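Heads up: the sequence shown begins at 66 in the working numbering, then just goes up one per residue.
One or more hints might be untrue.
Unchecked claim - Calculated cross-link-like contacts (lysine to aspartate or glutamate; reagent style DMTMM-like; alpha-carbon spacing at most 20 Å):
1. K113 <-> D151
2. K136 <-> E120
3. K113 <-> E154
Unchecked claim - Label pairs and their calculated CB-CB ranges:
4. R237 <-> P119: 19 to 29 Å
5. G104 <-> I227: 23 to 33 Å
6. R150 <-> D75: 15 to 25 Å
7. E80 <-> F213: 52 to 62 Å
Calculated from the structure, these hints are not laboratory results.
Computed from a prediction, not measured in an experiment: that's the story for all the values here.
Virtual Cβ for every residue (Gly too), placed ideally from N, Cα, C.
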Amino acid sequence: MIRFISEHRDRFGVELICRVLRPAVQGFLTARGYRAAVGRAPSARQLKDELLAPEVARLHAENYGVYGRRKMHALMRRQGWDIGRDQTERLMRLAGVRGVKKSKRVFTTRADKTAALPSDLVNRRFKAPAPRRLWVSDVTYVATWSGFAYVAFVTDVYSRRIVGWNVASTLRAEILPLQALDMAAWGAGGDLTGLTHHSDHGSNGGFNWLSQHLDREVFSDGDGGLEQEDQRSARECASAVACGSGVASADALARAA
Numbered sequence: 066m067i068r069f070i071s072e073h074r075d076r077f078g079v080e081l082i083c084r085v086l087r088p089a090v091q092g093f094l095t096a097r098g099y100r101a102a103v104g105r106a107p108s109a110r111q112l113k114d115e116l117l118a119p120e121v122a123r124l125h126a127e128n129y130g131v132y133g134r135r136k137m138h139a140l141m142r143r144q145g146w147d148i149g150r151d152q153t154e155r156l157m158r159l160a161g162v163r164g165v166k167k168s169k170r171v172f173t174t175r176a177d178k179t180a181a182l183p184s185d186l187v188n189r190r191f192k193a194p195a196p197r198r199l200w201v202s203d204v205t206y207v208a209t210w211s212g213f214a215y216v217a218f219v220t221d222v223y224s225r226r227i228v229g230w231n232v233a234s235t236l237r238a239e240i241l242p243l244q245a246l247d248m249a250a251w252g253a254g255g256d257l258t259g260l261t262h263h264s265d266h267g268s269n270g271g272f273n274w275l276s277q278h279l280d281r282e283v284f285s286d287g288d289g290g291l292e293q294e295d296q297r298s299a300r301e302c303a304s305a306v307a308c309g310s311g312v313a314s315a316d317a318l319a320r321a322a
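Take these sequences, add in the hints, and give me the full structure.
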């Protein structure tokens, strides 16, 4: 409110502004209170805000102007600034920036309710004792000026590192999720013994193709036996973002890469 009075005092005068707004604004400043407030030295909070607001604006612009409060808070912490999430939100208001919200919901996974679901080999325990023990996959999308770009990625649970990814304008399995898995297998150098690959229960068109691309020894049933290729095709759970999970054979994934 002090800022509002300061911006309009030359045109209307402090006394007139306070007299008009006092009945409408609870706890509104008097003219004397306003002059006392503007005469005080800036507080530590004001000084810090004046320092950080331009930094928030700069970092927000460097990240394409899309970051919201949560990501800006994490970014500021990584830059070495000891600030809280609420303070980040206030600084964003002071800097005149805000995050971009997704305007359209896109479904990247459509579960097939009639399909038999494979067993969940990780039992929802997404922890790994070492690298290349558990990979998880998913598909997301990014809005661009020319339409949606679909992104498939494979993440190593232990290192939290994205070990394979691919971007395409379509959700076709042979273009998007499979190539992300191929990249992950290639980057691992072929030694994938004991690896579990977990993905969701999506059944978008074309995922059957995944089971025909990789060797039929790629995914075991968890008991040491091999799952036949036609069985995997019927259940639609061969690879990245198809459905369920499987245990990879080192030789098979090395050949697939």
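Practice prompt. Decide if the proposed pair is consistent with the structure: K113 and D151, CA atoms, cutoff 20 Å inclusive.
Written response: holds (14 Å)
Fill in: Cβ separation of R237 and P119, checked against the hinted range 19 to 29 Å
violated (45 Å)
Worksheet item: So the hint says 52 to 62 Å: do the beta-carbon atoms of E80 and F213 match that?
Response: Distance hint for E80, F213 holds at roughly 57 Å.
Worksheet item: Lying within 23 to 33 Å: is that true of the beta-carbon distance G104 to I227?
Response: Cβ of G104 to Cβ of I227: about 55 Å, so the range 23 to 33 Å is violated.
Discussion item. Verify the CB-CB distance for R150 and D75 against the hinted window 15 to 25 Å.
Written reply: Violated, since R150 and D75 (Cβ atoms, about 37 Å apart) do not stay within the stated range.
Discussion item. Checking one constraint from the list: CA of K113 to CA of E154, max 20 Å. Satisfied?
Written reply: holds (14 Å)
Practice prompt. Below or equal to 20 Å on CA atoms is what counts here, so check K136 against E120.
Written response: holds (14 Å)
Checked against the numbered hints above, the structure violates hints 4, 5, 6; every other hint is satisfied.
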